[in-house]
Amino acid sequence: MKEMKLFLGPQHPGMHGNASVHMYVDGDIIKKSFLLPGMLHRGFEKGMERHSWINNISLIPRVCVVEPDINEMAFAMGVEKLLHLEIPERAHYIRMIILELARLSIHLMAYGGLGSPTGLYTLMYHAHADRNTILNIFEKITGHRVYHMYIVPGGVRKDLPQGIEKDIHSFLDDLESRYEEYRDLGINNPTVLARITDTIMLPAEVVWELGVTGIGMRSAVNKAYDLRKVMPYARYDQIEFDVPIAGYSDAKTRVDCKLQEVVQSIGIIRQCLAKMPEGDVKVPIGRGQSMRWTVPSGHVYSAVESSRGEFGYYIVSDGGTHPYRIGVRGASYPQGLLGIEKYLPGTRLDDAALWVDTMGVCSPEIDR
Amino acid sequence: MILNILFGVGVAFFGFVLQTTVAGVNRKVVARVQKRYGPKWYQEFLDIFKLLSKRATTHGWIFDFGVIMALGGIIGTAMFMPITSDLVAFENFDNFFIFVYLIAVGMLGMAMSASGSGNPLASIGVMRALTTMLAYEVPFMIVVITIIKLTGTSSVSGIAEFQQLAGNNWFMIALPLGGIVGVMSLMGMLGKKPFETYIAPAEIASGPMVEYGGKQLGMLFIMHEITVFIEVSLFVHLFLGGAENILLFIVKYFLVYTALNIISSVYGRFKIDQVVLFFYKWPLIMAVTQAFIAIYLGWVI
Amino acid sequence: MTNSMNNVEFISNLVENSYKIVKKEVVDQYQVSFVVEKEDVHSLLSFLKTNGWKQLSYLSAIDWIDDNKFELVYIVFNWDKPVYIQIRTLIDRDNPVMNSILPVFPGCKYYEREAHEFFGIKFPGNPDFEKQLILENWDDMPPLRKDFDPRAYSDSKFAKREYTEDFVNLNGQKSKQKERELQKENIIKVRNGGKK
Amino acid sequence: MLSTKFTVMTKEDVDRKWWEIGDFFRRNSLWMLMYCTGCCAIELPPAMTSAYDMERLGMGPMATPRQADILLVSGYLSLKTLRRLIYTYEQMSEPKYVVGLGSCTINGGIYHDSHAVINQLNQYIPVDVYVAGCMPNTEAVMNGFVDLMGLIKTKKANGWKDYHERNEWYKANQKFALGEVKIHDEFHE
Chain D
1 MKEMKLFLGP QHPGMHGNAS VHMYVDGDII KKSFLLPGML HRGFEKGMER HSWINNISLI
61 PRVCVVEPDI NEMAFAMGVE KLLHLEIPER AHYIRMIILE LARLSIHLMA YGGLGSPTGL
121 YTLMYHAHAD RNTILNIFEK ITGHRVYHMY IVPGGVRKDL PQGIEKDIHS FLDDLESRYE
181 EYRDLGINNP TVLARITDTI MLPAEVVWEL GVTGIGMRSA VNKAYDLRKV MPYARYDQIE
241 FDVPIAGYSD AKTRVDCKLQ EVVQSIGIIR QCLAKMPEGD VKVPIGRGQS MRWTVPSGHV
301 YSAVESSRGE FGYYIVSDGG THPYRIGVRG ASYPQGLLGI EKYLPGTRLD DAALWVDTMG
361 VCSPEIDR
Chain A
1 MILNILFGVG VAFFGFVLQT TVAGVNRKVV ARVQKRYGPK WYQEFLDIFK LLSKRATTHG
61 WIFDFGVIMA LGGIIGTAMF MPITSDLVAF ENFDNFFIFV YLIAVGMLGM AMSASGSGNP
121 LASIGVMRAL TTMLAYEVPF MIVVITIIKL TGTSSVSGIA EFQQLAGNNW FMIALPLGGI
181 VGVMSLMGML GKKPFETYIA PAEIASGPMV EYGGKQLGML FIMHEITVFI EVSLFVHLFL
241 GGAENILLFI VKYFLVYTAL NIISSVYGRF KIDQVVLFFY KWPLIMAVTQ AFIAIYLGWV
301 I
Chain S
1 MTNSMNNVEF ISNLVENSYK IVKKEVVDQY QVSFVVEKED VHSLLSFLKT NGWKQLSYLS
61 AIDWIDDNKF ELVYIVFNWD KPVYIQIRTL IDRDNPVMNS ILPVFPGCKY YEREAHEFFG
121 IKFPGNPDFE KQLILENWDD MPPLRKDFDP RAYSDSKFAK REYTEDFVNL NGQKSKQKER
181 ELQKENIIKV RNGGKK
Chain W
1 MLSTKFTVMT KEDVDRKWWE IGDFFRRNSL WMLMYCTGCC AIELPPAMTS AYDMERLGMG
61 PMATPRQADI LLVSGYLSLK TLRRLIYTYE QMSEPKYVVG LGSCTINGGI YHDSHAVINQ
121 LNQYIPVDVY VAGCMPNTEA VMNGFVDLMG LIKTKKANGW KDYHERNEWY KANQKFALGE
181 VKIHDEFHE
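Chains as they are written, first to last, in the numbering used here: chain D, 1 to 368; chain A, 1 to 301; chain S, 1 to 196; chain W, 1 to 189.
Hints in this document: simulated from the structure, not taken from any laboratory. Errors might be hidden in some of the hints.
[What the hints assert, rightly or not] 16 Å max Cα-Cα, derived EDC-like pairs, lysine to aspartate or glutamate:
| no. | chain 1 | residue 1 | chain 2 | residue 2 |
| --- | --- | --- | --- | --- |
| 1 | S | LYS146 | D | ASP318 |
| 2 | A | LYS35 | D | GLU181 |
| 3 | W | LYS175 | S | ASP139 |
| 4 | S | LYS146 | D | GLU181 |
[Stated by the list, open to error] Anything over 12 Å on all C-beta distances counts as not near chain S; from chain D, calculated:
| no. | residue |
| --- | --- |
| 5 | ASP28 |
| 6 | LYS31 |
| 7 | LEU35 |
| 8 | LYS158 |
| 9 | ASP167 |
| 10 | SER170 |
| 11 | ASN188 |
| 12 | LYS275 |
| 13 | ARG329 |
We put the CB at the ideal spot given by N, CA and C, even for glycine.
All chains should be modelled from the sequences, with the hints used to inform the complete structure.
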């Protein structure tokens, strides 16, 4: 059979984001595939060098659009490490609430995104309806639905509004009550189950070889390798939660881990809301006019556990008002760019679209 | 003769209008399943007439001729369809095998024009459409042949009359296994969700209809609506005992189509090999046992 | 996890007594960075990999244009003993060549390709570091170097939207400061019960 | 009482009447191309799904450029995407409309000084409706679509005609910015 060249290209309903997968297909089986990144390149790291420290806060969340808060957190933690700055206790808890709400929103989106390649549009509609409630809560807290610019170096921009706990609690209870219904609609659905079992397998040595982290690693290596546990930042050590792990990583286990993480995140948010002390939320990181704040020179790498894996900022400052160099280590770089050559060949053409959702790839992260 | 032909064209037009309104209402029903308000009930009409009002690119004369052949073939098939036992265009021409034969003409037209469009995704979609057709035809044929054996006639209105005379004892209840196989292969025929692999947008960008735009797509939408009308009314006549008057026919038609839509809105999409394996496993076994029971043992409820 | 402070000591004296370290910085209990000579990088990375630092988290370069040097950064991480180790080395800026670490960490294939595209560093040993990865038909110098000005490139290649300068010149007007104070006292007076 | 004189309709009166009827159908069933070119595309899932439900306006996502009416340029546009966008735009069937989401399509937005992002979209393809905002809200996106319907009704949404008339100007701009519009990799012989 003559091999056919096919695109899961930039313009394709199966491709969430904007990268082009070139596939050599023989019949329905994919023989060779590689990713062509760069569609969303906008010179991000060059842009960060041209903005001052405080000015970068508006540019930072725009790296990955699906989950902007982890960028702000990684940048803020990096700058605070360079400054050896201690931020107030309440700011830590507010940061954790924002991060876990962001994790809930992206897990719901990824779980809903599972619906489009498998054809289950009802799941997509239900999941996006819930995600929209989270965006409304974010709008109440930070003023914008998607880009919050809320976690700044030195704490959090402003305190939580009055009565936000009521909204968050009502949303969490509602989501928890419908959690079983979500499982029946999606993962226990016989047709979806038939589609996602034993496809896009990720063996453990590929995890170490490429540096895949996050759910991909935890579901393949069967160990609780989660930065929130291994290297607890922002008071994660005072919150009890466990990390879903599994020994065999195929599309179904990864989606299952995602769903269990949703339950854990709900628990975390409840504990944070309960344990949150009173007090101020921000410590200025310099004196005088904010555009002229300087950060002592040094090299630091600060990493945060995003929903897709370890997301890190490598910040180099030469003591000036502008960062000298900021490198962004996207969590979907290894599993997106490198991984696709390893685990797509051999699967069917229909499973190629499943790769984006179960592996959790965010293409702006790859080409910054 | 002219009167019959006019009457047949009227039936085809009635089928198109009926199916488009029912599909529009169904989009609202499925929307409610998905927690939202659906579009206007006449949205399907708007879509079709918008498509007809647009200019489109053509990929050679096979591409255009195939669409015309598909639409002509399907309208030709719809002309023979009996609405109620007495409302039929050509008196004794509404034989079941005419429908099976003429639908193949429509499908062949679409397959020819889709592969004529030169897009690899379209040829994959066409290959999948024909394999799915192969898959659901076999069990459906076995059940229909048992029905023909029981009723003795192969004319669709004759079968409907047979069920009405037998005290409205529908084959759906008389041959329970046959009814289930009928529903499953109807979902395969309509391309409803579990078996929608050939229009799978997420994998092959809406399959055969990749290169269609504007007028050709409008004609294909009309063809799709009339095909659905043929298949659902065939099911109504064969399994639900036809209808004495038009109103009853419309009600039965609406109920069958809406039930299928609701079932299909909570199902994912099989891969093409899973579709064929599925159809050659359970429906085939059920059809054969039903045939054996109905014909040799004569147990008919 | 709790004894992470001596993790850092464990790894620093492990590395110090077997390699010549130019500079060592301990950022905090989870991160330490070593600056080494260019020749030691390969052996140090494979030494760390055998000791458990199996994951290459990040590889990139920094352009120190003042002292005409590129600085390559390798960040490795060990999930059992959570310590990020930055291995940094300085290479010459005019003819930047650095042997690829593909045999040690296969995951570095695209990192190096990107470093070549944005900095122009050559990585012999990596089969396809020359190919273009992110930029397409790029005709200027590698963009992440310090002497490349994106603003000039953008002005020259992409037309900007011209906004007409239609603003009203408000200088030299009578200042309204007095009316504002008058209004404020009025509001305060009305608020504590005075007549309007 | 004035008797309404029956005037014979000339050829282009009839065409204009048919075109208005066509506009009514085009207005009420706009199909949007499923192509997230930038970061404003994250506001589309809430618009398409149960939260704001674009289908009430008769709009829905379509898989291929042939079937779509609206090309949504959502967010910043890097050079590589612009090449693919020009391919997609030229594949769409007439009358087609372009909606520019986000301030990055208007004047380059936050990436105005970047070496890889174009600063003004209507230099390269004709744009009918702009929706300003750095990540415009979902209501703003829906409002943009309703504005587009108004433009179609008043026959002002003829960007595609403009693309025919000033084709050389557009092609010259594209060549100037992109250097070379054709894509050269082993897939596009």
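- Task: State the violated hints by number, sorted upward, taking the hints as numbered earlier in the document.
- Result: The structure breaks hints 4, 7 and 13; every other hint is satisfied.
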